[in-house]
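Asks: Fit chain B to the supplied structure of chain A, relying on the hints for placement.
The lines below spell out each chain.
2 protein chains.
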Amino acid sequence: MSIQFHVDATSGPARAGRLLTPHGEIQTPVFMPVGTLASVKGVSQDLLEELGVQVLLGNTYHLYLRPGVDQIRKLGGLHRFMAWPRPILTDSGGFQVFSLNDLRKVTEEGVTFRSHLDGSAHFLSPETATEAQIGLGADIIMAFDECTEYPADQVRVRTSMDLTLRWAERCKQYFEEHKSEVPWRTNRVGTAAPGCPGERELAGSAALHSAGRVRASFDCAQDRPASAQTQSLFGIVQGGMNLALRRESAQRTIEIGFPGYAIGGLSVGEPRTLTREIVEATVEHLPTAKPRYLMGVGTPEEIVEYANLGIDMMDCVLPTRAGRHGLLFTSQGKVSIKQARYAGDDSTLDPACRCQVCARYSRAYLRHLYASDEVLAQVLNTVHNLSFYLDTMRSVRHSIELGSRAHFLSGVQSQPKP
Amino acid sequence: MSIQFHVDATSGPARAGRLLTPHGEIQTPVFMPVGTLASVKGVSQDLLEELGVQVLLGNTYHLYLRPGVDQIRKLGGLHRFMAWPRPILTDSGGFQVFSLNDLRKVTEEGVTFRSHLDGSAHFLSPETATEAQIGLGADIIMAFDECTEYPADQVRVRTSMDLTLRWAERCKQYFEEHKSEVPWRTNRVGTAAPGCPGERELAGSAALHSAGRVRASFDCAQDRPASAQTQSLFGIVQGGMNLALRRESAQRTIEIGFPGYAIGGLSVGEPRTLTREIVEATVEHLPTAKPRYLMGVGTPEEIVEYANLGIDMMDCVLPTRAGRHGLLFTSQGKVSIKQARYAGDDSTLDPACRCQVCARYSRAYLRHLYASDEVLAQVLNTVHNLSFYLDTMRSVRHSIELGSRAHFLSGVQSQPKP
Chain A
1 MSIQFHVDAT
11 SGPARAGRLL
21 TPHGEIQTPV
31 FMPVGTLASV
41 KGVSQDLLEE
51 LGVQVLLGNT
61 YHLYLRPGVD
71 QIRKLGGLHR
81 FMAWPRPILT
91 DSGGFQVFSL
101 NDLRKVTEEG
111 VTFRSHLDGS
121 AHFLSPETAT
131 EAQIGLGADI
141 IMAFDECTEY
151 PADQVRVRTS
161 MDLTLRWAER
171 CKQYFEEHKS
181 EVPWRTNRVG
191 TAAPGCPGER
201 ELAGSAALHS
211 AGRVRASFDC
221 AQDRPASAQT
231 QSLFGIVQGG
241 MNLALRRESA
251 QRTIEIGFPG
261 YAIGGLSVGE
271 PRTLTREIVE
281 ATVEHLPTAK
291 PRYLMGVGTP
301 EEIVEYANLG
311 IDMMDCVLPT
321 RAGRHGLLFT
331 SQGKVSIKQA
341 RYAGDDSTLD
351 PACRCQVCAR
361 YSRAYLRHLY
371 ASDEVLAQVL
381 NTVHNLSFYL
391 DTMRSVRHSI
401 ELGSRAHFLS
411 GVQSQPKP
Chain B
1001 MSIQFHVDAT
1011 SGPARAGRLL
1021 TPHGEIQTPV
1031 FMPVGTLASV
1041 KGVSQDLLEE
1051 LGVQVLLGNT
1061 YHLYLRPGVD
1071 QIRKLGGLHR
1081 FMAWPRPILT
1091 DSGGFQVFSL
1101 NDLRKVTEEG
1111 VTFRSHLDGS
1121 AHFLSPETAT
1131 EAQIGLGADI
1141 IMAFDECTEY
1151 PADQVRVRTS
1161 MDLTLRWAER
1171 CKQYFEEHKS
1181 EVPWRTNRVG
1191 TAAPGCPGER
1201 ELAGSAALHS
1211 AGRVRASFDC
1221 AQDRPASAQT
1231 QSLFGIVQGG
1241 MNLALRRESA
1251 QRTIEIGFPG
1261 YAIGGLSVGE
1271 PRTLTREIVE
1281 ATVEHLPTAK
1291 PRYLMGVGTP
1301 EEIVEYANLG
1311 IDMMDCVLPT
1321 RAGRHGLLFT
1331 SQGKVSIKQA
1341 RYAGDDSTLD
1351 PACRCQVCAR
1361 YSRAYLRHLY
1371 ASDEVLAQVL
1381 NTVHNLSFYL
1391 DTMRSVRHSI
1401 ELGSRAHFLS
1411 GVQSQPKP
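Chains as they are written, first to last, in our numbering: chain A, 1 to 418; chain B, 1001 to 1418.
Next comes chain A alone, as it looks inside the complex (with noise of 0.2 Å):
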C-alpha cells in the first residue's frame, strides 16, 4: 500500500482520520500550506515543524521550470531537496497552465504553454506531468486534469469533463508503469548504500546539538521495507457548477479507481454559497473510506465549513498570500495590520493566539514593519497566519472527535445541513 487512511470519529459528515504516507502520518482534516518553489515564502522549515505542519503542498509547475525535475530528481527529490522530512503533497501543473490564459494551446494530447519567465516553450500532458511529479517524489501526487473555467456553458463543461475523465486514466496508466522510478524508492536501496546522502549527514551529524536540525534522512519511512513504498496518485473530480455532470465525473472517476480523490473545478470565481453547494452535493458521491481533497479553498471560516461536510485536505495560499500584504486572520476577525491606526497600538496582535508572532511582538511594532517595507513583516505576518489556520483545523478535529460538530473559534456558527 502506498497510503492507508482511517478514519477515527465521524461527526454527521465530518470525520477525524489519520492517513498514512511513506513520510508519516497527517491527521485529518489538514490544512496543507503552499510551498510553491520549494518554499513557504518567508518561514523556514524549522518553522514550519514549530508550527505543525503536517504536510506541504508543491507547484509542479512552478518546479518543473525553476529548478527543474531533473535537478531536483537527480537531489534525491523534494523531501531531500527542500529537507523537509514529512509529507509532501504536488498538485499536476494543471491549474497553473491553464491560467496562463493567452500563452497556452489545449488538444486531445496536453497542453502547449510558454513559460511566465521567459516565454520558452512547453508541453504538459498526463504522461509528463505525472512523470514529473514521481521525479519530484512528493508522497501524494495528482492526476493532470482540465479545470474548466468559469462560468462555461453545459456543452463545454461536459466535454472538458470528459477530456479530464480521459486524462485521469492515461495518468494512471503512466503512474502504474513508472511508479517504481520515485526518487527516494531507488535511494534506499540497502540500508548503508554509498549512494545514499541521508545516511552519509547523519553519520556525521553526531555533534550536532539539535536532532530537529539535523540534515536527517529524507528517504521513505524507516519502518518499511523500501519496496513497499511508492507515491499515490489521486483522482479529481470536475464537472463545473452542474450537480448532475459532478455526479457523473465523480462516479467515472472512481470507476477508473483512485487511492483518493480530489474536488477540483472549484474557487474559481463563483459565489460562494455555490461553492458550498457544489461540495456537498459532491462529498456525497464520494467513497467514505478514500480521503476527500478540496483544492484551493479557503478561508478561515471556509476551511471550517468544508471540514464540517466531510472534506479531509484542504490547501489555500490565502494565509500566505494575505499575510505577504499585511491581512491577517485573528479570533476577532481580520486586520489589515498596515493601517495608521495600528501605529501606536502595543496591544497583541491576538490574544487568544499562542504563536511566536503573538507571543513576543505589538501591533504596532508589526505595523512598522510592515510600513518600512522589511522582510520581517512578511515573515512574522505568514507565521502567525498559517498558526492561525492550523490552529483552527485542530479545533475542527478535536471538536470532530468530540462527536459535535466543529464550530470556527471565532464563534461564527457553520451551517449543518439541515
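Please note: incorrect hints may appear among the correct ones.
[What the hints assert, rightly or not] Pairs of lysine to aspartate or glutamate residues, derived as EDC-like cross-links and limited to a Cα-Cα distance of at most 20 Å, are as follows:
id : chain 1 : residue 1 : chain 2 : residue 2
1  : B       : Lys1041   : A       : Asp46
2  : A       : Lys74     : A       : Glu181
3  : A       : Lys41     : B       : Asp1373
4  : A       : Lys74     : B       : Asp1346
5  : B       : Lys1290   : B       : Glu1280
6  : B       : Lys1074   : A       : Asp345
7  : A       : Lys334    : A       : Asp346
8  : B       : Lys1290   : B       : Asp1008
9  : A       : Lys338    : B       : Asp1118
10 : B       : Lys1338   : A       : Glu284
11 : A       : Lys41     : B       : Glu1374
12 : A       : Lys41     : A       : Asp345
13 : B       : Lys1041   : A       : Glu374
14 : A       : Lys74     : B       : Asp1345
15 : B       : Lys1074   : A       : Asp346
16 : B       : Lys1041   : A       : Asp373
17 : B       : Lys1290   : B       : Glu1176
18 : A       : Lys41     : B       : Asp1046
[As the list claims (entries may be wrong)] For each label pair, taking beta carbons as the anchor points, the in silico distance ranges come out as:
id : chain 1 : residue 1 : chain 2 : residue 2 : range
19 : A       : Arg166    : B       : His1116   : 57 to 63 Å
20 : B       : Arg1321   : A       : Glu284    : 56 to 62 Å
21 : A       : Ala352    : B       : Ala1343   : 31 to 37 Å
22 : B       : Gln1332   : A       : Glu255    : 56 to 62 Å
23 : B       : Glu1050   : A       : His6      : 34 to 40 Å
24 : B       : Ser1395   : A       : Gly24     : 34 to 40 Å
25 : A       : His398    : B       : Arg1018   : 46 to 52 Å
Derived from the structure by calculation, the hints contain no laboratory data.
Source: prediction; values computed, not measured.
Built from N, CA and C at the ideal position, the CB exists for glycine as well.
Replies: Structure of chain B alone, referenced to chain A:
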C-alpha cells in the same frame, strides 16, 4: 553607574571583558548586528536570541524618520517596541546624515538635511540627536559627530575634528541634563505602576508555553533600582588619517570624559592597511579601563584583527547585507551562492558551522532559493552569516581567555604588533 566594564583577561593589547548595561551583560569583544529600522532584516528576535546576539545596533536617522522617536518613546522605548530585552546601542544619525551628500548643509549649530524617503526637511544637532537617542532609549548612545570624508587635506580634517569636539561637549551637556528622561526609566516608577506595560503583559502571560517567547518586561534590569539606571553616552574620536590629529582627538575627547570611546571616520574608502594603522595608533591613546568601539567594520578577518588590537565592540552591515546579496562567509572562504556551480551541490554550506542553516539545507537548495528570488534566501543567508560572525567573535574571546593571540577560524594569521 550607567555601565560597568570589567577586563577579565588580556593577551597583548587584546582584552576579554564584560560590559554591564541596564539591559544585561555583554561579553567583549563583541560583534553587534545592525538592526537599522528596529529589525535585523529578515531575522526574528527569537532567532537572534538563538544565535547568541548580545547587543543590537539601531540607526537613529532611520528610526527618527520612521516610525519616529515620539512614537517609540510613547511605546516605552526601542527595547519594548521591538521586543528585544537585551542591550541596544544607537548611533547618533551623524554618519547617515553626512552620507546624504546633496541633501545636507552643515553649520556650527548642526546639520539641515532632507529625508531620503520624502524629501522633507529636518535638522539634527548635538542636542536633538541626543534627545532622539534618549527617546529611543538604547543602553549605549553615541555623540553626534562629523564623519570626516576621505580623502581630506589636513586643514579640513582639523576643522572637522574641532567641530566634532565642540559637538561632543554639547552632547554631553545635553545628555547630563536630560538623561533621566529615558523611557524605560520612567516606565518603572514602582513595581506595580499601572502605566508599566511590561508588567501588565507578564501578568497575563502565564499560559504561554515558552518563557523566551513571552512579551516580557523590556524595561531596565530587575536587580537594580530604577533610579540608578541611565543610558551611557560614548564619545567618538575623529582625526581622519592623520596620526597626530587622531592622538589629539583622543586626548581631547577623554578630557571631556565619557564612559566609553569609539573610533569613527574609518572604513570610509581608505585602504585597509591604513585603517589598521589608524586603529592601532588610536587605541594606544584610549584608557584601558573603558570600552573601545570601532564603528562600521569589517570582514570576518578584520574583526579578528581589530579585536587583537584591543577593540572591544564592532558593528557592520556586511554579514547581513552580503547575505541578502548571496555572499556567504564560511570557514573555507567566501561562497557566492548565486553561482550555477552550486545548483547540483548537495553538500552542506559550511561543515564546520553549527547554525541551523548548515545543519539542515544543502548548497543546491540555498542556490535555488536565491536564484528564484525567494524571501527565504534572504532569511537563511543572513542567519548563516550572522552565526559565522558571532562564532568568530566567540572564538576570538576564547583565545584571549586562553592567553593566546586569537587566530581567525579559517587559519588566516592576524599580524600581532612587533
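Asks: Work down the list of hints and note, for each, if the structure agrees.
Replies: Each hint tested on the structure:
| no. | hint | in the structure |
| --- | --- | --- |
| 1 | B:Lys1041 x A:Asp46 | 19 Å, holds |
| 2 | A:Lys74 x A:Glu181 | 12 Å, holds |
| 3 | A:Lys41 x B:Asp1373 | 10 Å, holds |
| 4 | A:Lys74 x B:Asp1346 | 10 Å, holds |
| 5 | B:Lys1290 x B:Glu1280 | 16 Å, holds |
| 6 | B:Lys1074 x A:Asp345 | 10 Å, holds |
| 7 | A:Lys334 x A:Asp346 | 18 Å, holds |
| 8 | B:Lys1290 x B:Asp1008 | 13 Å, holds |
| 9 | A:Lys338 x B:Asp1118 | 19 Å, holds |
| 10 | B:Lys1338 x A:Glu284 | 51 Å, violated |
| 11 | A:Lys41 x B:Glu1374 | 7 Å, holds |
| 12 | A:Lys41 x A:Asp345 | 27 Å, violated |
| 13 | B:Lys1041 x A:Glu374 | 7 Å, holds |
| 14 | A:Lys74 x B:Asp1345 | 10 Å, holds |
| 15 | B:Lys1074 x A:Asp346 | 10 Å, holds |
| 16 | B:Lys1041 x A:Asp373 | 10 Å, holds |
| 17 | B:Lys1290 x B:Glu1176 | 19 Å, holds |
| 18 | A:Lys41 x B:Asp1046 | 19 Å, holds |
| 19 | A:Arg166 x B:His1116: 57 to 63 Å | 60 Å, holds |
| 20 | B:Arg1321 x A:Glu284: 56 to 62 Å | 58 Å, holds |
| 21 | A:Ala352 x B:Ala1343: 31 to 37 Å | 44 Å, violated |
| 22 | B:Gln1332 x A:Glu255: 56 to 62 Å | 59 Å, holds |
| 23 | B:Glu1050 x A:His6: 34 to 40 Å | 38 Å, holds |
| 24 | B:Ser1395 x A:Gly24: 34 to 40 Å | 38 Å, holds |
| 25 | A:His398 x B:Arg1018: 46 to 52 Å | 49 Å, holds |
Violated hints, in rising order: 10, 12, 21; the structure is consistent with all others.
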